[in-house]
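Listed below, chain by chain, are the residues.
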Amino acid sequence: MTHRIARLAGGVVVLAMLLGAVILYTVHPVSGSDHQDSPTMISRPGADITDVFVFPSPSNTNNVVLVMDVYPLIPAGQSSNPQFSFDPAVMYQFKIDNVGDRKEHLVIQFQANGTGTGQTLNVYGPAAPNIQGTVSTFVGLTGTIPVNSINTSPLANGMHVFAGPRQDPFFFDLARFFQIIPDRNYANQPSSPPASATSFRGFTAAFNSANGTSCDTSPSQDFLLAGGPGGTTFNVLSIVIEIPKALLAPSGGVPGKIAAWATTSTTSGS
Amino acid sequence: MRILGIAPTLALSVGVAIAALTGCGGGTSTAIQPKPIPPGATQYIQIERLARPAVKEAFEMFARHDQTNRSSPYADPILPGDIVTFMTTAAGRDAATASAIQSILIPDEMVADLSQSASDGAYLGIETGGATGNKFGGRGLDNDVIAISLGAIFGNTLSALGVVPDDHHESPCLTNDNVPYDKTPNAAFPYLDPPK
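For the protein sequence lines, the chains are A and B, in the order given. Take the first sequence: its position 122, counted from the start at 1, is 122 in our numbering, and no numbers get skipped. Take the second sequence: its position 106, counted from the start at 1, is 106 in our numbering, and no numbers get skipped.
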C-alpha cells in the first residue's frame, strides 16, 4: 500500500510539472521575435526556428559550423520533458547557395524518429535538392544520430552533428522592444495597443550628454534572464553541424561564399 | 567619426561589398535541373524560414510573417516592400536609406565567405565590407546582432560607411538595446552551452 501511494504521489508531481511547463509556455509575457513569430509556429513549436548561426569552427580551420535552433522558451529544468522534443512530422532543412544566384544548390535535411528519451535524428545530405523552392523531398540518407548525445565521431562524410537541448544563445531586451512596437508581440494580436516607450533602456548619462538626448538610462534586461544577469532561464533545441568546407564548395570549385537559410516543413503545410 | 550603434573598424565602401555578394566560390550560376522525384516520395511544404535574426520582426507586421515564412527568400512577396515602408514611415528615414537597407537584406539569407580566415563569425561582415569584424561574415554566437541592426535602421551606420548620404533622421534612443553578450563562450563542439 505504501509503495502504491508513493508511486501515485510521484505521478502527481510529474503531472504538475508538465502542466506548469505548458502554462508557462503558452502565457509567458515575452513571447515573439523570431521566437513564436506566427500563429503556425505557436501551434507547432517544434517547427519554430529561433536562430541560425554560421561561423568558422573554433577547433578545425577546415570546417564551418551551422546551427539551427528551434522550439523556443523551453523552461529551465524541463529539457528532459518529452513534450519538448524535435517534431517527428517536421523536415528540418538548411538550404545553401554556393554558386552565387541566391537559390539553393545544396540542402542538409533532418528528421526525428520518435519523441523523448531514445529519440534519434536522421541526417540527409549535403546534396543537391530534388526540387528548388518551398516544396521538398528528402535527399539521400547520410546517417542517424541519437538526440542529446555529444558524439565525437563524425559521420561517413566527415560531418559532426549534434541535436538536443541547449541554452538559448539569443540576447535582446525584448520586453522593451514590445513596448516600442507592440504589434510584434504575438500576445497582442489581433489588435495591439499603442506604443508605450520611445527609447530602449540602458543608455548612459555620458551618451545622452554627447548626443544631446534624453534616452532611457534605466537598466536593460535580456528577455531570457529572470532577475538579472547570471543565468539563462530558457532553452531551445539545437541542431549543430560541423562540416568540412569542401563539402559546401560548388562542383569543380573551391569553398567560397555561401548564402544559407533554414526552413521547417510538414506534409500538411501546417 | 562617431557611429551610432556600431564600433568603427574598417570604413570600406559598402557599395563594393554589396556588389560582391553575387559572387560565390568560383562556380557558374545555373538553375537546378529538376531530378525525377522517386515514385511515392513524400513532399514537405515549407511553413517557416529564417536566416538573419529579427528581420521579419523589425520590418513586418506580425500578421504578415506567415507569408514570408512560406516563401523562398529570393521570391518573398512581403519583405522587400515592408522594409521600405517601415524605414520611410516608422523609422522616418529617407528613400535612399530605405533602399540601401533593402539592398543589404534582400534576399534574406545568411552570407558567409568560407575562403576567409577568421576566428568567429561577424554578422553582416560581408555586407559591410568587414566593418562588423571580418569578411567571413555569417553570424557568431556572441555577435550583437541587435545593436548592429538597430544602428543601421535608426542610426548613422550606413552613412558612416559611405553607403548613402546622412539623412539626419537618426533616432539615437533606438540605436542599441544595450544588452551585451551574456552567455559563456564554449570552445568545444557543439559550442552552445548545456541546457539549464
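Hints are computed from structural coordinates only; laboratory data are not their basis. Incorrect hints may have been included.
[Unchecked claim] Among the chain A residues that face chain B by a calculated CB cut under 10 Å, a handful are: (1) D34; (2) D37; (3) S38; (4) S80; (5) D101; (6) Q132; (7) L141; (8) T142; (9) L155; (10) F171.
[To be verified] If we take Cβ atoms under 8 Å as the criterion, some of the chain A residues that face chain B in the derived model are: (11) I42; (12) Y124; (13) S238; (14) W261.
[Claimed, not checked] Some chain B residues well away from chain A (every beta-carbon gap over 12 Å; in silico): (15) V84; (16) N143; (17) G162.
By construction, the Cβ of each residue, glycine as well, lies at the ideal position given by its N, Cα and C atoms.
For this session: Tell me if Q132 (chain A) is really an interface residue toward chain B, meaning its C-beta lies closer than 10 Å to one of theirs.
Result: It holds, given that the least Cβ distance between Q132 (chain A) and chain B is near 5 Å, below 10 Å.
For this session: Test the statement that V84 (chain B) is away from the interface with chain A: the closest C-beta pair must be farther apart than 12 Å.
Result: With a cut-off of 12 Å, V84 (chain B) remains clear of chain A, as the shortest Cβ separation is near 17 Å.
Problem set entry | Satisfaction of the S238 (chain A) interface hint, Cβ to chain B closer than 8 Å | holds (5 Å)
Exercise. Given S80 (chain A) was flagged as interface, is its beta-carbon under 10 Å from a beta-carbon of chain B?
Worked result: holds (9 Å)
Exercise. Taking the least C-beta to C-beta distance, is D101 (chain A) closer than 10 Å to chain B?
Worked result: holds (4 Å)
Problem set entry | Closest CB of chain A to the CB of G162 (chain B) still more than 12 Å away | holds (22 Å)
Exercise. Holds or violated: is the Cβ of W261 (chain A) closer than 8 Å to a Cβ in chain B?
Worked result: holds (4 Å)
Problem set entry | Closest C-beta approach of Y124 (chain A) to chain B relative to 8 Å, hint status | This hint is violated: Y124 (chain A) lies away from chain B, its Cβ roughly 12 Å from the closest one there, beyond 8 Å.
Exercise. Taking the closest Cβ pair, is T142 (chain A) under 10 Å from chain B?
Worked result: The hint is violated - T142 (chain A) has no Cβ within 10 Å of chain B, the shortest such distance being about 17 Å.
Exercise. Close enough to count: is the Cβ of S38 (chain A) nearer than 10 Å to one in chain B?
Worked result: For S38 (chain A), the interface hint holds, since the closest Cβ of chain B sits about 4 Å away, which is under 10 Å.
Problem set entry | Closest CB of chain A to the CB of N143 (chain B) still more than 12 Å away | violated (9 Å)
Exercise. With 8 Å as the cut and Cβ atoms as the points, is I42 (chain A) at the interface with chain B?
Worked result: violated (11 Å)
Hint check: violations occur at hints 7, 8, 9, 11, 12, 16; the rest are consistent with the structure.
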